[in-house]
Amino acid sequence: MSIFFDLYAYWVSILLMLAGLYIVIDHTNLFKKLIGVNIFQTSVFIFFISMGKVDGGTAPILEEGYRVFSNPLPHVLILTAIVVSIATTAVGLALVVNINQRFKSIDEQEIEKLELEEE
Amino acid sequence: MLAITAIAIIVMRNILSVIMLGGIYSLVSATLFVALDAVDVAFTEAAVGAGISTVLFLSAFAVTGQHYALERKNHNVAIIAVLTTGAALVYSISDMPVFGDPAAPIHNHVAPRYIEQSAEEIGIPNIVTSVLASYRGFDTLGEVTVVFTALVAVLLLLGVNRGSRKDKP
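Residue numbers (this note's numbering), protein chains in the order written: chain W, 1 to 119; chain C, 1 to 169.
Excised from the complex, chain W in its bound form (with noise of 0.2 angstroms):
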């Protein structure tokens, strides 16, 4: 049993990756797709923080009094990826309004059946 209460915020992560990445495969709508792609980010930035996690220890600022302190490393690269994760959605629902004013539907199954006429 200790796999499951000793590692229980890895599982959480793995849990909501595996959400993110059915929700990108499954689902033909191009905003819910993003929205999965946002998840499956976020179960990456749980994971990493929860590596940082120290048993006892506060958030990393220097004040007197306090000792143990979580690892800021991922802190740090978690911010960057946060930062990074609103650019590529931004570029991607820009894409997806390009795809509607072209396509007039921004569902991937009515987007391949449009192109097939077209051709």
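Please keep in mind that the hints were generated in silico from the structure rather than gathered at the bench. Since this is a predicted model, take the numbers as computed values, not measurements. All clues stand as given, with none of them false.
Pairs of lysine to any residue, SDA-like flavour, derived with a Cα cap of 20 angstroms:
(1) W:Lys33 x W:Lys113
(2) W:Lys104 x W:Leu114
(3) W:Lys33 x C:Leu21
(4) W:Lys33 x C:Ser59
(5) W:Lys33 x C:Leu16
(6) W:Lys33 x W:Glu108
(7) W:Lys33 x W:Asn98
(8) W:Lys33 x C:Ile79
(9) W:Lys33 x C:Ala81
(10) W:Lys33 x C:Asn76
(11) W:Lys33 x W:Ser105
(12) W:Lys104 x C:Ala62
(13) W:Lys113 x W:Thr28
(14) W:Lys33 x C:Ile24
(15) W:Lys33 x C:Thr54
(16) W:Lys104 x C:Val63
(17) W:Lys33 x C:Gly23
(18) W:Lys33 x W:Lys104
(19) W:Lys104 x W:Val91
(20) W:Lys113 x W:Gln101
(21) W:Lys33 x W:Val97
Here the structure of chain W is known, so what remains is to put chain C in place on it, guided by the hints.
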């Protein structure tokens, strides 16, 4: 909580409620980051993930404006892919160090130096800030480059289209 929100997003079919749930999901994950001692990450996630990202989704939704129910078609492919990935991840999880273990390899390399020396070397109480802006300043430069590239890409995608629309009266 997070898992429940994610599953709700899978099940929901109305796009608008999916977008709202996406915002809630970001906010819940921000509280989780606070619980894991990552306060800087938490407020970035709350501001960027729950705030800006939801606004972007909503404005794109307003431009495209389609309300019909979502269809799900690729069930079998999705389930096979998810199960394969899940099996690989669960197999590898047993190699991970115990959650919260101070002796885990991640805490033994550069992290102690950041914690012990950054007060003298940089002089800022927030270690995350001194690592972000000083020790790993080039990473931040790269991040700014990525954001700039994304901005250029968005402007190209939306701006070029506006020009072509003028051509077709």
